[in-house]
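Q: What follows is each chain in one-letter form.
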Amino acid sequence: MVTANRNDSSVQVLSRKDFVSDQEVRWCPGCGDYSILAQTQKVMPDLGIPRENIVFISGIGCSSRLPYYMNTYGFHSIHGRAPTIATGLKASRPELSVWVVTGDGDALSIGGNHILHVLRRNVDLQIVLHNNEIYGLTKGQYSPTSELGKRTKSSPYGTIDAPLHPLSVAIGAEATFVARAIDTDAHHLATMLERTAQHRGTSFLEVYQNCNIFNDGAFAGFAAKEVRADRTITLEHGKPMIFGKERDKGLRLNGLHLEVVQVGVDGVPEGDLLVHDETLEDPSIAFLLSRLAYPDYPVPIGVFRAVQRPTYDTMMTEQIEQAIAAEGPGDLREIFHEGDTWTVE
Amino acid sequence: MVTANRNDSSVQVLSRKDFVSDQEVRWCPGCGDYSILAQTQKVMPDLGIPRENIVFISGIGCSSRLPYYMNTYGFHSIHGRAPTIATGLKASRPELSVWVVTGDGDALSIGGNHILHVLRRNVDLQIVLHNNEIYGLTKGQYSPTSELGKRTKSSPYGTIDAPLHPLSVAIGAEATFVARAIDTDAHHLATMLERTAQHRGTSFLEVYQNCNIFNDGAFAGFAAKEVRADRTITLEHGKPMIFGKERDKGLRLNGLHLEVVQVGVDGVPEGDLLVHDETLEDPSIAFLLSRLAYPDYPVPIGVFRAVQRPTYDTMMTEQIEQAIAAEGPGDLREIFHEGDTWTVE
Amino acid sequence: MTTLIKESEQPDHPELLELDRVTIRFAGDSGDGMQLAGTQFTKTSAVAGNDISTFPDIPAEIRAPQGSLPGVSGFQVSFSSQEIYTPGDAPDVLVAMNPAALKTNIGDLPRGGILVVNQDEFNDTNLRKAAYATNPLEDGSLSAYRLFKVPISTLNARALKDSGLTAVQIDRCKNMFALGIMFWLYSRSLDTTLRWIDEKFGKNPGVAEANKTSVKSGYYFGETTEMFATHYHVPKAKQQPGLYRNITGNEATALGFLTASKLAGLQLFYGSYPITPASDVLHELSRFKRFGVKTFQAEDEIAAVGSAIGAAFGGSMGLTGTSGPGLALKSEAIGLAVMVELPLVIMNVQRGGPSTGLPTKTEQADLLQAMFGRNGESPVPIVAPATASDCFNMAIEAWRIAIKYRTPVIFLSDGYLGMGSEPWLIPDVGSLPKIEANFAHDPATFQPYARDPQTLARPWAVPGTPDLEHRIGGLEKADITGNVNYEPVNHNKMVHLRAAKIAGIVQDVPDIEVTGEASGGLLVLGWGSTYGVITTAVQRARAEGKKVSGAHIRHLNPLPANLGDVLKRYDTVLMPEMNLGQMRLLLRGRYLVDIIGLNKVSGRPFTIAEVEDKIAELTG
Amino acid sequence: MTTLIKESEQPDHPELLELDRVTIRFAGDSGDGMQLAGTQFTKTSAVAGNDISTFPDIPAEIRAPQGSLPGVSGFQVSFSSQEIYTPGDAPDVLVAMNPAALKTNIGDLPRGGILVVNQDEFNDTNLRKAAYATNPLEDGSLSAYRLFKVPISTLNARALKDSGLTAVQIDRCKNMFALGIMFWLYSRSLDTTLRWIDEKFGKNPGVAEANKTSVKSGYYFGETTEMFATHYHVPKAKQQPGLYRNITGNEATALGFLTASKLAGLQLFYGSYPITPASDVLHELSRFKRFGVKTFQAEDEIAAVGSAIGAAFGGSMGLTGTSGPGLALKSEAIGLAVMVELPLVIMNVQRGGPSTGLPTKTEQADLLQAMFGRNGESPVPIVAPATASDCFNMAIEAWRIAIKYRTPVIFLSDGYLGMGSEPWLIPDVGSLPKIEANFAHDPATFQPYARDPQTLARPWAVPGTPDLEHRIGGLEKADITGNVNYEPVNHNKMVHLRAAKIAGIVQDVPDIEVTGEASGGLLVLGWGSTYGVITTAVQRARAEGKKVSGAHIRHLNPLPANLGDVLKRYDTVLMPEMNLGQMRLLLRGRYLVDIIGLNKVSGRPFTIAEVEDKIAELTG
Ligand SMILES: Cc1ncc(C[n+]2csc(CCOP(=O)(O)OP(=O)(O)O)c2C)c(N)n1
Ligand SMILES: Cc1ncc(C[n+]2csc(CCOP(=O)(O)OP(=O)(O)O)c2C)c(N)n1
Ligand code: SF4
Ligand code: SF4
Ligand SMILES: [Mg+2]
Ligand SMILES: [Mg+2]
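Chains as they are written, first to last, in my numbering: chain A, 1 to 345; chain B, 1 to 345; chain C, 1 to 620; chain D, 1 to 620.
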């Protein structure tokens, strides 16, 4: 097995540029993928991981071209299958930092089953889903996250498929880390990428990404700079759920139902608001938050859920260590001679 | 297109026997599948659907052999793909009653992606999942619902995969009808099969099914006759959540957390208990209920969620009717002549 | 040949030359609207009565950076007074809207060819993006061509300065200006395009006007400037009389499937997952709601074929379509369709492989996958269209076979056919024979796996039919009853029955026809999209007096009954394929004839010259 | 031949005959423990020094209803004093534990064969379940056989009446009683079985005692009753000296993969999804934690192969395994592995097809799927073991090729090999040559798609290696650099390079060896599990003085360099295959030799007689 360590000194000196590959970036001018790429390259040096121990694996789609632009190991695989390749790599090489870059079609249409299973297994991967609510690379068909009734090349009369909520799917599949960010909110996006990297287990980060060619402005309604403060809410662990330019609105729990309330002087006291706890074992509140949508509610961004559970890759290694500890290292001769043997002179 | 109607008289006279095919049943003696088959055959006549309009479609697995034993149209397809075949059939023939019979491996391992999508599309199908928490047909490997640490042929050192909760997955995938039953609780199972049939949209029914050969007693801990009343809770719409042989225990909501409480004289008043409402638009409570597990909680059986949403098949038909209404019926000549044409003499 | 029509008295008055055939390639940045310019020129030439053939060359990237080499988009149109079968090997004229377009296309322009460039775009930035050290317009590197430097952007902007449009909008019109120049150069009428502009931008008069102004300005520019000493005229071609339209293979395929459903009187259900270059068929069919066509964009290719099988079980025409990687995913389910013996059509528009390969390029390398890409002995009929318009015929043929024989059928097209276009003689629907579904109805005689003695087809008994309730599936079936059966004798019998059924389709397969000698000499044999190139190459070789014949296979499985005898009648058989010899292997194995291969797997169709050279080598 | 060893003085004392070879089939209800009885008899005979070969016949249903026809489970063991290659065509002895077992197996018993039945089970219910109108034990329908009616259940129950076990537990021991009878009939020692019982039921002394009592009682029953006039002895076989064990093909395959990982010093990663008849390899490998073997039960076959590719990218030995339908699902991903050129082994244990087909039966019909079941030109080497123990060698061979040439390799076994067993001469691990991984390390010279001139293999540069960071994927690669590249010339070059690399493996493929004539006469050519039958049939034909030779292909792609010449040296070439002639098609297409086929697709292996008859027909 290859040794994956380098003297720390070399790790220190890494900068953003060290993660920029020599490949010309080939996205449409104005594509939200640029921002995700930039932030990804920016946070890499802070992770303190030797570059050669980082691997980006993607499926197929515009978003899935990202690995080409990262000066790390990379694998631009086939449509929807990145999680399977990442699982095999991480399970066999737990010391590597393995990232999965995917799109709404790649992850939730053809790749849906692998997402379910990688999440429940809690393989220690970082999954970054570029959700542009459209099939970009194939030039504009609707995706599993496109809104009902959307007219596209393949739905000239409007879609009749109710969309999936990526975070609800993830939480329903036993995810231990679930978060959301917006391409144009660079600073918050960077923080989320860092959190994603820090979590031990499968981290699932949905990034709202604008496809300015085939689905321009899909998120503008709540994500545009001017309105963002009033139409999104940033989840912060241990903090009450306040939002609004004036920080004057909040979310209060009423039975099992969340309501938007005015906070402060002529509103309810902060104390009445729901306090965000990303560490709850029970995923039900995270699920409830994953249902909130504009215009009825502010769209939550940030970490919805972050709980600890042994990771698949470590458990696999431990089983081997325990087996060796208990039965001694394997000996071919012994296995060959299993069962009845006989000698022919 | 084939006409699918028969004079009602013939429909009336159908009895259980009319739904028993001439094929010899080939499950292990004692298998829970027998009970599910019996109840399915029993409820059929009550549905008032001409037998020739009923279709059972399955994948591969012991459970998936059920269609052979139903004297209706049937399709024993390939592993995990029954929902796709059922979708095509129902979308093209909305007047048919289409059932999907599947297993925990068939539906949630290889077939997971199709389950996600059939549910979000809300195709009007009845999905009955025989969950025996094992791969029966292939002689005893663990399944995606097998408990963590389970030792099987393929996991001699115990599994390291956290199981999926079928109902959580379904709810996370926008399911409009979600229910659970137990093979040995024949009467309740029959009721659930009826509810499943009545719902317009995709109905998802999980049945705990004992595989007495490879996973015997998997559910005995809470499903066995002696303990069932105390370790399961039957969800009934509009009723408070009470359970126990003595009907003296209940579930109360505390913040977003459910707690088991003593009801009655020396306990809390019934009024404090959570009242079950299967019709809530917000799936969060149904999700919360899908997390309850023995021994911490009684295992809920019954209908978790039943909400109305236009079905995929009807919307597809409506789009066609609307297009014809708006643009008139299609004319090949007109389409042929689209765009610029020119005549060569 | 070239004839001088009119000697111009004044030197400043351009002369008009008549030509047989001209091939123009429009090349520019993806954003420059070259596809549009090309299509417009095509329509106009078609309407003018030329025979035409086109091929777009679209970049794999959605939008590579502006001005970059991978961002170049091209459209080639060939128009002629003779019958033509291909968009031509090399262009006579190259229109290059920027340095990158010049860099990537100049290689194909023969010396002496006409080169029109948009001079304005040859600035330092663009030159750098195209990796030009020096400006080719200045450094004399283009001396071999008839170079015309036109400041298209500037001229166009000037023409539209009063249009009230934004600078960006104005710049978008420059493709129309370039188109105008070509219209003048080949003395074409502007009518078709002007009409089209009105239709397209009707809602937006400002933009409509601007586009019209641009195309006219380009035309007048050609007329008034002294730049072009000559302009040209390509007379009408002699074509089969009738009403024509221009059509791409994918459009023709969609129309063929639609027509088949009308001929059968059955609902068409298309289950598909988008993939280049097959997606257009999904886009087309999803427009046909008025015809009762149901389209289902599935979550993946497996769901797509599954849904089509479900629809087939229900008595509809279950159709699924994809390209190579998707066909691989459908393998298992196609095997199920073989076992349950239901009508099903699988369209595969081949692209460059293996794996994701070259999504926007063409290839014929999925043939053996189509033949054998399933577990067990699972024979499937395969048909392959020869031209864009033949896609219409073979799409119907696929359905005739599928329904008559109750079998999945693979329709094997490719990116070249699918994206390329040619004139289509619009057929008279009434003249097309009906397709009989013959559903089972009679409980007295019904047996799920009883077979029609003539076709060996089993009954199609659909849900909703009283008293025909039965169960099918992927496990081996007992002969006649269709019950699950594992007995050795039965399995062996069923394997042979399934094989015999498909082989028996030969009774409906027309004998293969040879153009040229009945025997002796060289036979050039093709299948699929190589038809155009091979036909032209063979014609030219024969014109040179070579003893060369041509034949084309459109039914790939089963093969025409007479094929074996035909092959044995020639001294040499040459098979050009855009793969490493897949059909050749099948024919050699079956007929033990030592067929020679001409194989190119470059993502591009053969050029006529490549086939001609090989013919020369074998006959010379 | 049969020799009378000892003339018995008293008529009541059975005589002992010596035989060359005996084939016994144990048949009963799935619940009757026939597999167990069979395995025990096998071990005992092996230990006694016979050459042996076995084949289990397991019902497709998990547990069909007790006593039903589909519920019958059988196990055939052949033991001999000569070298044998197959479990024998027909049994000499049939042990039938109930009417259903009799019904389904009697057809295979030759007239005069020994038939031992458990009389107790022939009651009305069971007779009805087996669809017997009258009791065959009474109606004389079995007069052609040497019938022995033994009330096995009763005798066994009597023997265990004081065992303290429940009636059910007692009845479960009756297979041991039957086994005991056979041990006596073939004068075998009980030691092996008695020892095994102690190991197996050690924790449960009561049960252990009971089983031992049953087997002994069966033995004494044979000895003391006057039922059997004779009993038999099969002497030791002359075998290559050494230490032996009995092994199934699937066990040997698992051990081969494990050994390969030790020879390469790399971690073995097995990603698989359970499927009959391949699951046993997953079960075996998951036991090898102590060897650092990692097994991953994936959610489906696509995830399984994907995980193996991921492991391969990481520098481990990525392995995946399945059967036909699963191979179909892996098609697309195998194409990816072809494009990224990483070492990968795909095991396919073939079963009856198409579709779900006959899961527990054997077949060779996945060959063409293995060769061509991918989009585009995607060549993959294929190796096929010839016998159960050869699975060990070919599993290692698959890895040698995969690692040396950086390519996916398909290991093509089948249900007959996988489930069948034979003695295995335990190899000396030390004697096996190492496998060199040769990871890339040097940034100075590293180019992702630079190739070794000798093997055309690209470097294996794994994550964790400083300064070799690079990106791979399924889009076409530029030669040397491995960057995405859509250029025609490059694509054409890469397609040919990939083909040349696989073709070049021939340098490591041993020439094919012929047993028999160097030329002339009939050559019987086989591949895979037909080895045993063909070898035996050829031997017998030669013994009859026929001019017949035999050869067997173990490397299916690329084929041995000399194969073409060899084929051309014989007057006739016969190729028996358990398919409709898949390898025959490839060989005819490649070498233009008119190979004759013997094809049977019944889910059952050929019988020696079937091949002999065909040989006779062609030589007679
Ligand atoms: C097996 C297979 N099916 C289909 C395709 C075509 N395809 C490529 S990307 C894509 C979907 C892209 O959408 P998404 O995943 O949202 O990525 P985006 O381009 O929007 O970033 C499709 C359908 C393919 N490459 N492979
Ligand atoms: C493509 C494919 N992969 C694998 C199999 C083998 N297989 C058949 S059923 C099954 C799982 C059965 O488990 P489940 O769905 O829970 O059904 P059960 O037998 O438990 O009722 C598997 C792995 C198959 N038939 N096809
Ligand atoms: S098509 Fe959309 S998603 Fe793709 S690169 Fe362009 S803008 Fe980005
Ligand atoms: S194996 Fe289990 S699930 Fe399958 S039939 Fe037997 S008892 Fe039922
Ligand atoms: Mg997208
Ligand atoms: Mg199960």
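Hints may be right or wrong, so weigh each one.
[As the list claims (entries may be wrong)] One side only, chain D facing chain C, incomplete, derived with CB under 10 Å:
id	residue
1	Pro-59
2	Arg-128
3	Glu-476
4	Ile-480
Quick caveat, the hints were computed from the structure, so don't treat them as lab data. Every residue, glycine too, gets a C-beta built ideally from N, C-alpha and C.
Q: For the hint on Ile-480 (chain D), just tell me whether its beta-carbon gets within less than 10 Å of chain C.
A: Violated - the Cβ of Ile-480 (chain D) stays beyond 10 Å from chain C, reaching only about 18 Å at its closest.
Q: May I ask you to test the interface hint for Arg-128 (chain D) with respect to chain C, counting a Cβ-Cβ separation under 10 Å as satisfied?
A: Because about 20 Å separates Arg-128 (chain D) from the closest Cβ in chain C, which is outside the 10 Å limit, the hint is violated.
Q: Would the hint on Glu-476 (chain D) stand, with a C-beta cut-off of 10 Å toward chain C?
A: 5 Å, holds
Q: May I ask you to test the interface hint for Pro-59 (chain D) with respect to chain C, counting a Cβ-Cβ separation under 10 Å as satisfied?
A: Cβ of Pro-59 (chain D) sits 8 Å from chain C, so the hint holds.
When each numbered hint is compared with the structure, violations occur for hints 2 and 4.
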